[in-house]
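Trainee: Chain residues, written in single-letter form:
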Amino acid sequence: MEKKIEIKICIGTLCYVMGGSELQLLAEHLPEKFKKRVDIIGSTCLDYCLDQEKYGKAPFVEINGEVMAEASINKVIDYLIKKY
Amino acid sequence: MIYSNNATLLRRELITKLAKLFIEGDIKDIDRIPLQIAPRNSVPIRGSIAKDRAILKYMLMALLGYNISDEEDELMTLAEYAKKSLENHNPGKNILTVVDEACSSCIKTNYIVTNLCRGCVARPCTLNCPRHAISFIGGRAKINTDLCVNCGKCMEVCPYHAIVYVPVPCEESCPVKAISKDENGIEHIDNDKCIHCGKCILACPFGAIMAKSQIIKILKRIKTPNEKVIALVAPSIIGQFKASLPSILEGIKRIGFDKVIEVADAAVTVAENETEEFLERMEKGDDFMTTSCCPAYTELVKKHVPQIQKNVSNTRSPMHFSAKYAKEHFPEYSTVFIGPCIAKQFEGIYDECVDNVMNFEELGSLFIAMNIDVSKIDAPEKISNESEIGRWFAASGGVSNAIAATITDPSMVKGLKINGINKKTANLLKIYSKKCPGNFIEVMACEGGCIAGPVTVCNPKVADKQLKKFFEDNKK
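Just so you know, the protein sequences line up as chains A and B, in that order. Counting from 1, one number per residue, gives the positions in the first sequence under my numbering. Counting from 85, one number per residue, gives the positions in the second sequence under my numbering.
Derived by calculation from the structure, the hints in this document are not laboratory data. Bear in mind that the values here come from a model prediction, so they are computed numbers and not experimental data. Just so you know, even glycine gets a beta-carbon here, dropped at the ideal spot from N, CA and C. Hints should not be assumed to be uniformly reliable.
[What the hints assert, rightly or not] Selected chain B positions facing chain A (in silico; Cβ < 8 Å): (1) Gly-448; (2) Asp-457; (3) Ser-459; (4) Val-541; (5) Asn-543.
Please take these sequences and the hints and turn them into a complete structure.
Mentor: So this is what it looks like as structure tokens:
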């Protein structure tokens, strides 16, 4: 069986207000081949917003532990396709 | 579809920075914000850093409560505007203002000739143009923008489909043709026509249309030691954040409001009054009654469909009832309505019980500025169901449902819903004025209802899901 992919979406208020609410629709936009492999978890603030210089701008998601700044549905899907 | 674009996010960033400065007592440094957002040597978005900064300055001016056209002296600093705004500046009675520096990027006429033009012999474009606006230069058709009247005949007749229609987004979005170009090609809002629906704010890809904000006036109230402030929170707050309703309300309290009231409580009264009024009107033989809670809709009727003015419910809006309740029970408090809406800001100016109006975008930005994370606030999960039907007002169809739930005989109501005001539905109302197929018309200016308002923080589809889930969970 293929390895599971865990996507943590930050639902902290900052991420949410700065465009993160869109990410709540990620599950329904995932390509078929990822639907079973991906676990989407809503997470309280991941604290990346505290260091904009290091991590970039909100909204943040974590994909198997790797942080993505300015995350959007398309950006996450592109990343999945490239990497997995 | 992605809802929050870079223009929206930039506005939120500006509100956050402005609020932060005020809270930290450094509002005098406001002129540094454009420099922080567009630093030297960064890649300009609109051609040059100087232009980017100028636009940011004007956006901030609107956030301080000014019309951009109020500018008399280009050298006047934002710090001075802020100072005046906090003293006794009267923002006037219009809400929307155009950042002219940011505008003007759109084409003058809607039709342009692309390079697919073959310069044919037949030239039906020139023959069919009623204004003789098309000439041939270098073997290719060219439209004289001074003569073109946007009729579109040239596009229809071109055998190569070489002429295309290019929309001007704000003009396209305006349901009442209130926004158009002035002689310099800059958009201008006609306040005699504008219904303050805010659709142009969402539509403009350059973020050139701003609502004049009351945010620093509200912050000043909150920070004044002896002043007590009540927040009146619109029902559509449910679903705006990834947090329970009690957590959001607690978050609003932490901003510094002394009391927080759900406007849904008052919406129950509105549903009761409207039901009673409906029955009276039917008894009297009226054709139909239509709702009065959406302020963009009531403006639409006033300015564009006056023939149905007599059919608009005389019951005032939930915001008014909520503010009236607050003023009666807590007369020493000021009232701040918090909602998803631009038009409510306009309604607030004329409502004797409402002191200020703030929107969800400003609320979200305030949460960020004050490090309040509502998703982390533990508040009691259980809330009262008493105002349940008032909370329905948040989405399209909600008012109709509330009336149906209040009336003894729901079969009396032959309801019609207009979910979103646009050019088409505005016309539909004119038809209804002559012959109406129902006896109760609910109209909400925003498609989806208040949860899809122009100044919300959440993608409307997500907000709708969360609202539905809230009602599901609350039933249990």
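Trainee: Now, for every hint given, state plainly whether the structure supports it.
Mentor: Each hint tested on the structure:
1. Gly-448: holds, 4 Å
2. Asp-457: holds, 5 Å
3. Ser-459: holds, 5 Å
4. Val-541: holds, 5 Å
5. Asn-543: Constraint on Asn-543 (chain B) satisfied, holds at 5 Å.
Every hint from the earlier list agrees with this structure, and none is contradicted.
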